[in-house]
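Participant: Sequence:
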Amino acid sequence: MALPLFAQTTAPTESEVVELRPAPAYFLEALTDLNLAQALATQCDTLSIDPVVAQGLTDSVLERLEADGFDPNDPVSQMQDSAPDLATLQQAFVERHNLTGAQRAAYCEAGLTDLLNQTGPGQYLTAVIE
Numbered sequence: 001m002a003l004p005l006f007a008q009t010t011a012p013t014e015s016e017v018v019e020l021r022p023a024p025a026y027f028l029e030a031l032t033d034l035n036l037a038q039a040l041a042t043q044c045d046t047l048s049i050d051p052v053v054a055q056g057l058t059d060s061v062l063e064r065l066e067a068d069g070f071d072p073n074d075p076v077s078q079m080q081d082s083a084p085d086l087a088t089l090q091q092a093f094v095e096r097h098n099l100t101g102a103q104r105a106a107y108c109e110a111g112l113t114d115l116l117n118q119t120g121p122g123q124y125l126t127a128v129i130e
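For the sequence shown, this note's numbering puts the final residue at 130, and the numbers step up evenly by one.
Heads up, some of the hints might be wrong.
[Unchecked claim] What follows is a set of in silico ranges between Cβ atoms, one per label pair, in the way DEER data are often shown:
no.	residue 1	residue 2	range
1	Ala105	Asp74	37 to 43 Å
2	Gln118	Ala83	24 to 30 Å
3	Thr42	Asp81	23 to 29 Å
4	Asp45	Arg21	16 to 22 Å
5	Asp68	Thr100	33 to 39 Å
6	Arg104	Pro72	31 to 37 Å
7	Asn117	Val76	43 to 49 Å
8	Thr113	Glu63	26 to 32 Å
Hints are computed from structural coordinates only; laboratory data are not their basis. Bear in mind the structure is a predicted one, so any value in this text is a computation, not a measurement. Glycine included, every Cβ here is placed at the ideal spot set by N, Cα and C.
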């Protein structure tokens, strides 16, 4: 009698086990900034994602990840859970712009400020002329 396929598999060898590493700070910052930019662009009529800039910044981060030994096609599979770090970075944006309990207009103003300064999520944004 043949064993079911799942019973025929062997445990991965030591060389096949991927040791998870902390996500690099530049990756966490880029991911946070892009996610915030997307949220701001969705909520603010005066802001939009600049796709050319976003692609260029994303490509740059992927190149750095590859240089640091991460698989550029799936770098997250080689990283430890980054959810707490991402939450901390998002909270830093809220605190930097005094947005606790703020209305949507305040978030849009914060996004515009970052756009003008080319900091944080502003690096990914462009202004929409009405």
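Participant: Return the numbers of the hints above that this structure violates; sort them in rising order.
Facilitator: 4, 7
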